[in-house]
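Protein chains in written order, with my numbering: chain Z, 1 to 406; chain W, 407 to 646.
Derived from the structure by calculation, the hints contain no laboratory data. Watch out, some of these pointers could steer you wrong.
Below, computed lysine-lysine pairings styled on DSSO-like, alpha-carbon distance capped at 30 Å [unchecked claim]:
hint, chain 1, residue 1, chain 2, residue 2
1, Z, LYS309, W, LYS543
2, Z, LYS225, W, LYS543
3, W, LYS491, Z, LYS309
4, W, LYS609, Z, LYS399
5, W, LYS502, Z, LYS291
6, Z, LYS268, Z, LYS196
7, Z, LYS294, W, LYS502
8, W, LYS543, Z, LYS397
Every value quoted in this text rests on a predicted model; they were computed, and no experiment measured them.
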Amino acid sequence: MVFKIAWRNIGRNKRRTAITAASIFFAVLFSVASESLNRGVFDGMIDSTVSFYVGYIQVLKKGYWEDRTLEESFEMDEKLTSVLNNVDGVDDVVPRLESFALASFGKITKSALVIGIDPQKEDALTGLAGRLIKGGTYLQKDDKEVMITSGLAEKLNISVNDTIILISQGYHGVNAANRYRVKGLISFGSPELNSKLIYLPLSAAQDFYGAENLITSLVLDVKDKNTSDLALQSLEKSIDYQTYDIIDWKDMMPEIIKMKEIKESSNKIVMFVLYLIIAFGVFGVILMMTKERKFEFGVLLSIGMSRVKLAFTIWLETVFLGFVGAIFGLVISYGLMYYLSVNPIVVTGDMAETYAKFGIEPLLPASVDLDIFITQALNVFVLTTLLAIYPCLAIWKMKAVDAMRA
Amino acid sequence: MARFQASKYILMKNVITVKGVTKIYNPDTIPVHALRGVDLQIGEGEFTALVGPSGSGKTTLLNIIGGLDDASDGSVIINEQDIAKLSDSQTIEFRKQNIGFVFQAYNLIPVLTAKENVEFVMLLQGASQSDRDARVKELMSAVGLSDHLDRRPSQLSGGQQQRVAVARALASKPMFVLADEPTANLDSKSTADLLDIMAKLNKEENITFLFSTHDQRVIDRARRVVNLDDGAVISDKTIE
Ligand SMILES: Nc1ncnc2c1ncn2[C@@H]1O[C@H](COP(=O)(O)OP(=O)(O)O)[C@@H](O)[C@H]1O
Ligand SMILES: [Mg+2]
Numbered sequence: 001m002v003f004k005i006a007w008r009n010i011g012r013n014k015r016r017t018a019i020t021a022a023s024i025f026f027a028v029l030f031s032v033a034s035e036s037l038n039r040g041v042f043d044g045m046i047d048s049t050v051s052f053y054v055g056y057i058q059v060l061k062k063g064y065w066e067d068r069t070l071e072e073s074f075e076m077d078e079k080l081t082s083v084l085n086n087v088d089g090v091d092d093v094v095p096r097l098e099s100f101a102l103a104s105f106g107k108i109t110k111s112a113l114v115i116g117i118d119p120q121k122e123d124a125l126t127g128l129a130g131r132l133i134k135g136g137t138y139l140q141k142d143d144k145e146v147m148i149t150s151g152l153a154e155k156l157n158i159s160v161n162d163t164i165i166l167i168s169q170g171y172h173g174v175n176a177a178n179r180y181r182v183k184g185l186i187s188f189g190s191p192e193l194n195s196k197l198i199y200l201p202l203s204a205a206q207d208f209y210g211a212e213n214l215i216t217s218l219v220l221d222v223k224d225k226n227t228s229d230l231a232l233q234s235l236e237k238s239i240d241y242q243t244y245d246i247i248d249w250k251d252m253m254p255e256i257i258k259m260k261e262i263k264e265s266s267n268k269i270v271m272f273v274l275y276l277i278i279a280f281g282v283f284g285v286i287l288m289m290t291k292e293r294k295f296e297f298g299v300l301l302s303i304g305m306s307r308v309k310l311a312f313t314i315w316l317e318t319v320f321l322g323f324v325g326a327i328f329g330l331v332i333s334y335g336l337m338y339y340l341s342v343n344p345i346v347v348t349g350d351m352a353e354t355y356a357k358f359g360i361e362p363l364l365p366a367s368v369d370l371d372i373f374i375t376q377a378l379n380v381f382v383l384t385t386l387l388a389i390y391p392c393l394a395i396w397k398m399k400a401v402d403a404m405r406a
Numbered sequence: 407m408a409r410f411q412a413s414k415y416i417l418m419k420n421v422i423t424v425k426g427v428t429k430i431y432n433p434d435t436i437p438v439h440a441l442r443g444v445d446l447q448i449g450e451g452e453f454t455a456l457v458g459p460s461g462s463g464k465t466t467l468l469n470i471i472g473g474l475d476d477a478s479d480g481s482v483i484i485n486e487q488d489i490a491k492l493s494d495s496q497t498i499e500f501r502k503q504n505i506g507f508v509f510q511a512y513n514l515i516p517v518l519t520a521k522e523n524v525e526f527v528m529l530l531q532g533a534s535q536s537d538r539d540a541r542v543k544e545l546m547s548a549v550g551l552s553d554h555l556d557r558r559p560s561q562l563s564g565g566q567q568q569r570v571a572v573a574r575a576l577a578s579k580p581m582f583v584l585a586d587e588p589t590a591n592l593d594s595k596s597t598a599d600l601l602d603i604m605a606k607l608n609k610e611e612n613i614t615f616l617f618s619t620h621d622q623r624v625i626d627r628a629r630r631v632v633n634l635d636d637g638a639v640i641s642d643k644t645i646e
């Protein structure tokens with residue numbers, strides 16, 4: 001009967017229910033929207049950076065991450081690759097040999113990051129072939145040619161079929177110098193990447209640096225962040241930590257992670273204010289309800305309903321109300337965010353430029369990670385549940401006669 | 407027969423004993439002397455009207471008897487229990503078991519049907535489903551509303567609502583029913599109907615009623631009339 005009373009009371013005062021449910025609904029909606037967009041944006045940043053270049057997980061020789069020298073390179077042996085290939089979630093293992101070199105064409109010389117790659121695997125990992133600008137051709141495994149990012153090509157004033165000269169210090173200090181025909185130009189959205197990369201096939205790079213059979217990193221091809229976390233766990237067991245370092249996207253992109261955290265904490269403040277406003281709104285309604293129904297409470301106390309039972313009934317009623325509002329908010333906000341995740345908001349103007357600097361498409365995608373929705377709905381629900389204590393306190397102190405005096 | 411009735415009257419047990427009850431509202435600010443030493447005894451099976459002009463203290467006295475308010479002085483003893491000695495939760499429990507209430511208006515829980523409203527007190531007492539069903543049926547038919555069981559209060563007239571309230575007051579099998587101006591908001595037809603029902607329940611089931619009123623038509627139906635003025639009993643007449 002207590003449940004019946006509580007439930008029916010929700011239908012009784014339609015306006016009150018509508019106001020409460022609506023404010024709870026908006027709280028859920030707003031909090032979900034801000035969290036979802038925020039997470040969507042940063043996931044987008046991370047995903048694009050990851051997929052453009054760094055990958056989710058890399059295996060490096062211990063010390064390489066700090067020093068970045070060829071001296072910390074390692075041999076790519078079958079055993080290691082087969083161990084890595086056997087880790088759950090790892091689709092492939094992509095080798096790279098990276099170092100800096102001076103690149104010259106005519107009178108111009110620029111510093112460049114020269115990367116030896118397995119052209120086919122690299123394409124599978126980062127879609128590199130798709131970034132090729134018309135007019136060039138993609139690298140083949142045994143080529144002795146290079147591909148240059150378009151920003152760098154512009155600076156050097158070089159184009160396809162021209163010959164570039166690379167000079168560097170190789171493995172164990174050997175002189176590295178050679179000339180390569182430019183086979184193609186590559187374009188990255190990120191100006192940072194676009195102005196400094198030169199790709200050549202792994203074996204050609206090993207020849208150039210005098211680093212026979214050596215690589216500086218193995219990028220693990222995993223599907224997404226979640227797979228990456230799982231793979232990381234099983235890697236910890238199968239890799240020799242004395243020799244190798246395993247770093248994941250969180251280590252590789254500390255700036256983005258930091259930005260995300262800052263944004264998240266400012267979001268928390270906004271959300272706190274939002275919750276405060278909502279709490280006042282809902283509290284107002286609860287206050288009104290308690291006042292309006294004082295007489296009814298007085299009658300119930302008179303006819304012998306215990307205070308505990310009465311308070312519980314009213315608490316339950318508010319909780320039901322919160323529940324209805326939260327579910328409502330959850331469903332609608334999920335729908336909306338789903339729509340925005342499929343059809344992201346397009347950012348224009350200054351914001352778009354900022355995005356471009358980070359090498360990110362100027363879109364505001366929404367995240368539809370379920371945990372956001374559930375957390376926000378729960379927060380608001382818990383908030384209502386706490387507010388529902390007020391009428392309980394009122395009932396606790398209420399004197400039936402006073403309650404029933406008009 | 408007459409002898410039997412007389413002996414019953416002599417042996418009649420007191421259910422309510424009010425001894426020297428005074429009530430002063432706002433004793434610290436602007437004191438209002440609502441009751442000035444009221445003595446009153448109500449026996450089992452009585453049908454008593456508490457009469458007096460507005461402000462004479464009827465509501466105050468009924469509230470104190472019902473344990474809804476405290477007396478400033480004096481005592482109320484119900485069936486040998488001094489109700490001032492009960493704690494808050496004991497008082498509520500005591501009311502649930504022993505006292506039926508009918509108020510002037512808005513007695514019923516709006517979201518429950520007539521049947522559920524009557525059943526509610528029994529549920530609080532923990533009565534079984536079959537007991538409840540039987541008693542609801544019996545009471546609703548006693549108040550002439552057998553075919554309105556599933557109506558919500560808003561779908562009933564004021565008179566019908568008060569009849570449901572009487573049924574509810576009786577559902578818990580209380581020692582007596584306190585009714586504070588139960589007909590104040592009713593037209594004369596509904597007033598007569600409600601009084602008929604109360605009188606019948608009193609006569610046939612020996613249910614004790616103590617009700618306040620300032621309506622002469624209601625006073626005429628009472629078997630005992632206690633007259634209150636300015637917080638004091640000025641007359642007490644039993645009508646044979
Ligand atoms: N809560 C209260 N505070 C102060 N005075 C009150 C209060 N309740 C009733 N009174 C006063 O007590 C007197 C008796 O009131 P009441 O018992 O309601 O009379 P009746 O029911 O006969 O009209 C009146 O003078 C009324 O104004
Ligand atoms: Mg009164």
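Now for the hints, and whether the structure bears them out:
Between LYS309 (chain Z) and LYS543 (chain W) the alpha-carbon distance is near 26 Å, which keeps this suggested pair within the 30 Å criterion. Between the alpha carbons of LYS225 (chain Z) and LYS543 (chain W) the distance comes to roughly 66 Å, so the proposed pair goes past 30 Å and is violated. This hinted pair checks out: LYS491 (chain W) and LYS309 (chain Z) have alpha carbons roughly 23 Å apart, not beyond 30 Å. About 34 Å separates the Cα atoms of LYS609 (chain W) and LYS399 (chain Z), which puts this hinted pair outside 30 Å; it is violated.
Between LYS502 (chain W) and LYS291 (chain Z), the direct Cα distance comes to roughly 24 Å. Compliance with the 30 Å bound is thereby established for this hinted pair. For the hint linking LYS268 (chain Z) to LYS196 (chain Z), the alpha-carbon distance of about 38 Å lies beyond 30 Å, and the restraint is violated. Distance check on the hinted pair: LYS294 (chain Z) and LYS502 (chain W) sit about 19 Å apart at the alpha-carbon level, within 30 Å; holds. In summary, the hint linking LYS543 (chain W) to LYS397 (chain Z) is not supported, as the alpha carbons are separated by about 36 Å, beyond the 30 Å threshold.
This entry does not satisfy hints 2, 4, 6, 8, going by the numbered hints stated previously.
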